[in-house]
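Residue numbers are given in this note's numbering: position 43 of the sequence shown equals residue 98, and the series is strictly consecutive.
Hints are computed from structural coordinates only; laboratory data are not their basis.
All values reported here derive from a predicted model rather than from experimental measurement.
Each residue gets a CB set at the ideal place from its N, CA and C atoms; glycine is no exception.
Take these hints with a grain of salt, some might be off.
[Said to hold, decoys possible] Label-pair ranges, simulated between beta-carbon atoms:
1) Glu101 x Asp78: 35 to 43 Å
2) Pro100 x Gly66: 52 to 60 Å
3) Thr57 x Thr86: 19 to 27 Å
4) Gly59 x Arg87: 25 to 33 Å
5) Arg83 x Thr57: 18 to 26 Å
6) Gly66 x Glu101: 35 to 43 Å
7) Lys56 x Thr86: 20 to 28 Å
8) Thr57 x Asn81: 14 to 22 Å
9) His90 x Thr68: 29 to 37 Å
10) Glu60 x Asn81: 20 to 28 Å
11) Lys56 x Leu91: 24 to 32 Å
12) Thr84 x Lys56: 17 to 25 Å
13) Glu64 x Pro100: 51 to 59 Å
14) Asn81 x Lys56: 14 to 22 Å
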Amino acid sequence: KTAGEVAREAGLTADQVDRVFRDIRNKRTTTRPLHLAPVLVDPVPEITK
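Given these sequences and hints, build the entire structure.
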């Protein structure tokens, strides 16, 4: 859905919805590295599959 469609359904302005969408996108971008596998210098037997 577009920001305009969401805004109408939520009773918000399109600008408010744009800011929320941008905030969510920024949070996802910022936290993405936390969901990736670690980069290790040496193998760690306890976590190697």
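Going through the hints against the structure:
At about 38 Å, the beta-carbon gap between glutamate 101 and aspartate 78 stays in the expected band of 35 to 43 Å. Take proline 100 and glycine 66: their Cβ atoms lie about 56 Å apart, and the range 52 to 60 Å holds. Range check, threonine 57 to threonine 86: Cβ separation about 25 Å, and the 19 to 27 Å hint holds. The given range of 25 to 33 Å is respected by glycine 59 and arginine 87, whose C-beta atoms sit roughly 28 Å from each other.
About 19 Å separates the C-beta atoms of arginine 83 and threonine 57, a value consistent with the hinted range of 18 to 26 Å. One distance hint, 35 to 43 Å for the beta-carbon pair glycine 66 and glutamate 101, is violated here, with the actual separation near 52 Å. Checked against the hint of 20 to 28 Å, the pair lysine 56 and threonine 86 passes, with Cβ atoms roughly 24 Å apart. Here the CB-CB span from threonine 57 to asparagine 81 is close to 19 Å, well matched to the stated 14 to 22 Å.
At roughly 32 Å, the beta-carbon separation of histidine 90 and threonine 68 lies within the given 29 to 37 Å, and the hint holds. Glutamate 60 and asparagine 81 have their C-beta atoms about 22 Å apart, which keeps the hinted 20 to 28 Å range intact. At about 29 Å, the beta-carbon gap between lysine 56 and leucine 91 stays in the expected band of 24 to 32 Å. Restraint check, threonine 84 to lysine 56: a C-beta distance of roughly 21 Å satisfies the suggested window 17 to 25 Å.
Checked against the given bound of 51 to 59 Å, the beta carbons of glutamate 64 and proline 100, roughly 53 Å apart, stay inside it. For the pair asparagine 81 and lysine 56, the beta carbons lie near 20 Å from each other, so the given range of 14 to 22 Å is met.
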